[in-house]
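Full structure from sequences and hints, please.
Chains X and E, in that order, give the protein sequences.
According to the numbering used here, the stretch in the first sequence is residues 30 to 143, in order.
According to the numbering used here, the stretch in the second sequence is residues -1 to 112, in order.
If you're looking for bench data, these hints aren't it; they were derived computationally from the structure.
Please note that a few of the clues may not be correct.
[Stated by the list, open to error] Quick partial rundown of chain X residues pointing at chain E, CB under 7 Å, derived from the structure: (1) Y61; (2) L73; (3) K78; (4) R129; (5) F133; (6) G134.
No residue lacks a Cβ here, since even glycine has one placed at the ideal position from N, Cα and C.
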Amino acid sequence: AQSVAQPEDQVNVAEGNPLTVKCTYSVSGNPYLFWYVQYPNRGLQFLLKYITGDNLVKGSYGFEAEFNKSQTSFHLKKPSALVSDSALYFCAVRTGTGRRALTFGSGTRLQVQP
Amino acid sequence: DVKVTQSSRYLVKRTGEKVFLECVQDMDHENMFWYRQDPGLGLRLIYFSYDVKMKEKGDIPEGYSVSREKKERFSLILESASTNQTSMYLCASRGTSGYSYEQYFGPGTRLTVT
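Below, the structure written as structure tokens:
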């Protein structure tokens, strides 16, 4: 079975400060990891993914994430937060074989204060 | 750009009604998915389909069925709606070629069962 944990329901950060949204995962085999963002009353929008290769992956809107195999983590980061980054963020995982669908975390609400 | 559309943004139905949620994608994707999103629970997989007329149960299939008669269309059916099926329903699709791996989501249907 595969699972994802997002330990923080909400993260608050001041505009211009760096932000981190945490994600840990559990799978059998090599993980494919994803981050999605959801703005109010909208569907999920793809931010970035790790499949293989460099542990640091860069995505849309200045976001990046670091894959850490020993800690089974895939934290989302941004050097300087914007008020417009305020949204709900989901981490998701699957493997290359077996289950074709993603398993999602419970989501973390990011609030960036001006 | 991939486009996934859902037939309704908001829907209100009565207990016991049969409800159809429609999803259409325009990228010739083989895989399509239905999730429900509830606060604090993230996204949970209801059903997915990996080809026309092919389907597999997800994590919470009880009370739901699906239909995929054409590649671009994937329907979710609530045979007899109940109040505990009040939720946000999200459809997604994904191709199998190349290294895309990510799922593309529709805008969601917020269903209220009274």
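Hints, one by one, checked against the model:
no., hint, in the structure
1, Y61, "6 Å, holds"
2, L73, "4 Å, holds"
3, K78, "6 Å, holds"
4, R129, "6 Å, holds"
5, F133, "4 Å, holds"
6, G134, "5 Å, holds"
The structure is consistent with each of the numbered hints, conforming to all of them.
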